[in-house]
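Q: From first to last, the protein sequence lines are chains A and B.
Here this note's numbering runs 10 ahead of the position in the first sequence, where the first position is 1.
Here this note's numbering runs 2 ahead of the position in the second sequence, where the first position is 1.
Since the hints were derived computationally from the structure, they do not count as laboratory data.
Yeah, the Cβ is synthetic: ideal placement off N, Cα and C, and Gly gets one too.
Treat the hints with care, as some may be off.
[Said to hold, decoys possible] Ranges between beta-carbon positions, derived for each pair:
hint, chain 1, residue 1, chain 2, residue 2, range
1, A, 97, B, 398, 50 to 56 Å
2, B, 786, A, 122, 44 to 50 Å
3, B, 212, A, 16, 54 to 60 Å
4, B, 406, A, 94, 48 to 54 Å
[To be verified] Partial pick of chain A residues on the chain B-facing surface, computed with a CB cut under 10 Å:
hint, residue
5, 59
6, 63
7, 66
[What the hints assert, rightly or not] EDC-like mimics (lysine to aspartate or glutamate), calculated; alpha carbons at most 20 Å apart, straight line:
hint, chain 1, residue 1, chain 2, residue 2
8, A, 80, B, 30
9, A, 66, B, 30
10, A, 35, B, 30
11, A, 66, B, 25
12, A, 35, A, 76
13, A, 66, A, 76
14, B, 683, B, 545
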Amino acid sequence: MPTDIHDHLPLKPVDLEILLALADKDRHGYGLVQAVSEHTNNLIVLDPGNLYRVIKRLLESSLVAETGRKPSDDAAGERRRYYGLTPLGGRVLAAELDRLRRLVNATATRAVARRLAP
Amino acid sequence: MTRAAAPRFFRWLLALFPQTFREVYGPDMSDVFVDQLRATRARDGRAGVIRLWLRTGLRMSTAALSEHRASQATLRTRLPIVEDLIADLRLTRRSLRHSPLFTVVAVGALSLGVGAVATIFSSMNAIVLRPLPGTTDGARLVGIDRRSPDWSEGVSASHNFYRYIRDRSQSLDAVAVWSRVPLTIASGSESLAVGGNIVSPNYFDVLGLRPAAGRFFAADTNNTEPVVVVSHRFWQTRLNASPEAVGQSVTVNGRPYRLIGVADEGFSGVFTPVRVDAWVLTSAQPHVKPSRDLGDAPWFWMFGRLADGMDADRARTELAGLTATWAAPGGPDQFTRYSSIRLVPLTGLPDDARQAILGFGGMLLGAAALVLLIAGANVSSLFAARATTKQREMGLRTALGARRSRLVRQLLTESLTVFGLGAGGGVLVAWAATSALERLPIPGDSGLFLELSPDLRVAAFAIFVSLVAGLAFGLGPALRGASHSPGGLLRDSSRGSSGRRSRLTKVLIVGQLAGSLVLLAVAGVFIRALSHGATLDVGFSVEDVSTAAFTTEAYGFNESQGQRFFTDIRGSLERAPGVASVSFSNFIPLAATASGTTVNVNGARTSIRSGIVDTGYFTTLGIPLVAGRDFAGDDTATAPRVAVVNDTFAAQVWPNSAAIGNSFAMGEVRVTVVGVVRSIKHSTLDEPDGPFAYFPMSQRWQSGQTVFVRATPGSIGATDAIRTAVREAALHVPTPHVTRLADEITVAVFPQRVAAIVTGVLGASGLLLASAGLYGVLAFVVSTRSREIGVRMALGARPSDVLHMVVGDGLRLAGIGVIIGLAGAVAATRVASAYLLGARAFDVPTFAAVTVILFVVAGLASYLPARQAASTDPLNALRAD
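Generate coordinates for the entire structure from the input sequences, incorporating the hints supplied.
A: Set out below in C-alpha cells:
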C-alpha cells in the first residue's frame, strides 16, 4: 500500500464525501448515506451496493478503518459495524481539501468564475 | 409492503454480487437498505418506496457488475463482452433517465402484466407446487394413497396397514401417518378449540422438521406420559412465546399433557390450508379419538420419504405389490377392493383438490397471460414510437462507424432492462396482490388459511417470463430501430413515420383491445354465474338458520356424557325464546362434508352418499317430506334400523313401487326406509341430484355433531341462545363459533367468487393498458398529421369535423378489436363454462355490456387527442417545418 498521501490525490467526489462525513465522528453504513445526502443536498444518494464498494476501496487503501461494532442509537440497539478515519485518511483528506481550496482560490479560477457568473 | 418482505427481495439483489464481497458486506448492505426503506416510507410514502426500489434495483445491478469486473481485473484480462455490457447498461440508464415518462409507463405496464402472471403462479405455487414449508429435502416426500386398481376410489390407511408397509418397504426410508383430531387445550381459565393432528412418533422426523423450541416425539415411543407439540403460532399467541412453557403441563381434552416442543414457524401440518395448532401421538388415540382404533379402522393419511437413489415409480411398484398381498381375499384386511397404491407429491393438499386447483389455476393463468400479452404489445408500440424519435441518433451513430450489431445490442439491452425492471415491479405487484388475496375471507368456520406470498421460484418465473416477453416484443423494434441507412435519416428526420410502422402499431392496438374484451367477457360471465348461483334452488332454506360444530371427544366426554351434552343443549335451545326448531347432524349441506358409502339393494350395489341426522332435521332445514315420516323417539339403538332417503334414491332403486317399507343392506345390517324427502344440493350448486340416505342419530351416534337452530323470523338470531345453552351444559367447553348457514354454504360459490374478482381485476388492467395504448397511438397520429389537419382547417373544416375524424379513427380500431375480441370471448368463456354453475357461457347481455364498456373507454381515449387536434391553429401547423 502506498503511504505517500499524494498517491491518493485527487479523490473521487464520492470518496471525498465519505471521508468528510467520517471526519467529525465514526459512522455506520446508513449513517454515511444520511450524512452524504444531507451534505450534498440529496445530489448524492448512495445505494447500498455502491456505498460498500466505496467503503471496500477506502478500506483497502487504508484511508478508513473499521472501529468495531456498537449498538446504534437509531435502530433499536442493533449492533452495527462502524467506520472511522485512519491517521492516513485524515492526512489525505486534509491534503485534498487544501488542494481544492487552492484550486478555488487561484486567480485564474476566480477570473473564470466571475466571467461565468450570471 | 411489510418490513419482513423487503429484505427478501433485497437478498436477491445481493445474490448478483461476487460471493466474497457479499459475505463481507451483505448483512450491512441489508441493514442500510432497511433503514433507507423505513426513512423513505416515513418521508415520501408508498410512491417514494417504489422509486427507491426501482432506483436501488438498477444501481445495485450495475454496482454488482462493476464489482465483478473489479474482482476479475485483478485476476485476468477484461472480457470485451462484459465491457460492452457495462457500457450498454450505462447508456441505457442515461437514456431511460432522459425520458422518465416513457420509462414509468413502460415499466408500469409490464409490472402489471408480469404481476398478473406472477400473482396467479405464486398462488398456485404456494398451494399445489412447492414442497411443504420447513421440511428438509421436501421433494423426496411422497403421499401414499391406497386406491382401487383403476385409482378411481380410495381408502384411508389403517394403523395395521401402516405398520405392515413400514416394516416391509425397502424403497422408502421411513413411513409416517397422521389424522385430524379436534382438540381442546385449556391454558389458565380459558378453553380453546384448536385443529389438532394425531401422528405417529416419527412424523416430524420423516418430514425433516426442526423444533423451534423443545423437542419432537422421537424419544416418546415407549413413554406412557401423554405429550403434545404445539404450533409456533399457538406458542406465540397463547403462551407468549415463553421458553418456560416448554416442559410444562397443559390440559388437552380434559387431561394433563406435557408440552414437549414447538413446531417450526410456518409449519401447519401436511395439508397446509388447514390450520393445525397441536400434535399428539397415536398412543393418545384411546383418549382423544376413542371412536377409532389402532387396528383395522381406516382413518390415517400416510406419507413416506423415498430412499436414496429410489424414484417414485419404483417405489410405487414395490408398494403396490405389498398392498396387493395385504388386500388379497382371505388376507388380513377387509378392504379387498383397494389393492393398489398411488404416490403423490406431498405439497400441502390432498391430490384430488390439487388436480382441481391446477385446472382452475391454469384457467386463471391463461387470463393473466393475456394481460401480459396486452402489456407486451403496449410496450412494443411504445418502443416503436420511441424508435421513430431516436432515428436521428441511430443514423448519427451509424454514420460515425457503429456496427449494426452493436446498435441492435444496445437497443435490446434497453428493452431487456425495461422488461427486467418490469419483472421486479411484477414481483412487487404479485407480493401486494397475493397478500390481498390472502385477506379474501374464506367462508364458514373452516379453519382454513392460505399463505400465498411469492418465493424465489416465483421471482425466477417472473424474470423468465419477462425476458421472454422482452425478447418477443423488444427484438422487433430493436432490429427496425437499427436498420436505417444513415444518409436518409440525417437528411430528413421530421417525416420519419412510415406507413408500415403505423400499420403495425395499429395491429398491436387492435390486439390489445380484443384481448381486454376477452378478459372483460370472462369476468362478466363469472359475475353472471355468481348471481345465477344465488338464485339456484338448493332444496333447503338457509334463512334464519344458525349452526355451530361440536366434538365431544375433544371435551374429554365418553359416549354417554356426550349424549347427555347434546340432549342438554337441545332441551335448553328448545326452551329459548325466538327459537323455532333445533336439530343436529354430522354434516353441513354444500360445505362438502357428507360422506359416501355403498349399499346393496336386491343384490345390486349402489354408491350413495349419506349423513346422520337427529329428529327434526328436515323441519329445521325446510326440506319437504314427500312420503312417510321423519325419525322419531322410538327409533332407538335397539329398534330395527331405519333410514329416510331422498326422492332420487327412491326413484332410482324402486322405480315402480313406493319406497316406504322397502329395505336395503349396508354391510351386515338391513335398513328399512320409513320416509322420502325431496333432494337437495350436497356438494355443488350445479350437481345433478344423486341418491342420498339419512340415518338417525339415535341409531348411529356421532361424537362430532353440528347443531342447526332455526330462529323465528324477525327474532335476533340464535347466537346467544347457543352460547348460553353450551355454557349451561358444560362449563369447560370452549365457546362455540356460531355461523349463519347462509355463510357456511357460500363456500360452494367460493371458486366463482375468486374467479370473478381475479378476472375482473385482470380485465380492468387489460382495458386500462389498451386504452392507454389507444390514446398514445392516436396522439402520435395526430401529431404526425398536424400538417394535414392544418390544411383541412385552412380549407374550411370545422373543429367538430376534425374531432369526428380522430374519434372515428379510434372507434374504427375499437370496432375491429371488438369483432376479434368477441370471437375470442366465445372461445374463452367456453373454457370457463365448467365453472359457471350452469349459467350460459355465451351470454348475450354480458357480451353486449362489455362491448359497450369497451366502446365508451375507447371513445374517451380518442376524445383527448381529438380535442387537441381540433384546437390546432392552422397557421401554426402550416408554418412548422
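Q: Does each hint hold? Answer for all of them.
A: Going down the list of hints, with the structure as the test:
1. Distance hint check for residue 97 of chain A and residue 398 of chain B: the Cβ-Cβ separation is about 52 Å, which falls inside the suggested range of 50 to 56 Å.
2. The supplied range of 44 to 50 Å is met by residue 786 of chain B and residue 122 of chain A, whose beta-carbon atoms lie about 45 Å from each other.
3. Checked against the hint of 54 to 60 Å, the C-beta distance between residue 212 of chain B and residue 16 of chain A comes to roughly 57 Å, which is consistent with it.
4. Hint check: residue 406 of chain B to residue 94 of chain A, Cβ distance near 53 Å, so the stated range 48 to 54 Å holds.
5. Because the smallest distance between the Cβ of residue 59 of chain A and any Cβ of chain B comes to about 3 Å, under 10 Å, the interface hint for this residue holds.
6. Taking 10 Å as the C-beta cut-off, the interface hint given for residue 63 of chain A holds, the closest approach to chain B being about 6 Å.
7. About 7 Å separates the beta-carbon of residue 66 of chain A from the nearest beta-carbon of chain B, less than 10 Å, and the hint is met.
8. Our distance criterion of 20 Å between C-alpha atoms is met by residue 80 of chain A and residue 30 of chain B, whose separation comes to about 13 Å.
9. For the hint pairing residue 66 of chain A with residue 30 of chain B, the CA-to-CA distance comes to about 12 Å; that is within 20 Å, so the pair holds.
10. This hinted pair checks out: residue 35 of chain A and residue 30 of chain B have alpha carbons roughly 19 Å apart, not beyond 20 Å.
11. At roughly 13 Å between alpha-carbon atoms, residue 66 of chain A and residue 25 of chain B fall within 20 Å of each other, so this suggested pair holds.
12. At most 20 Å may separate the alpha-carbon atoms for a hinted pair to count; residue 35 of chain A and residue 76 of chain A meet this at roughly 13 Å.
13. Between the alpha carbons of residue 66 of chain A and residue 76 of chain A the distance comes to roughly 11 Å, so the proposed pair stays at or under 20 Å and holds.
14. Between residue 683 of chain B and residue 545 of chain B the CA atoms are separated by roughly 16 Å; this keeps the pair inside 20 Å, and the hint holds.
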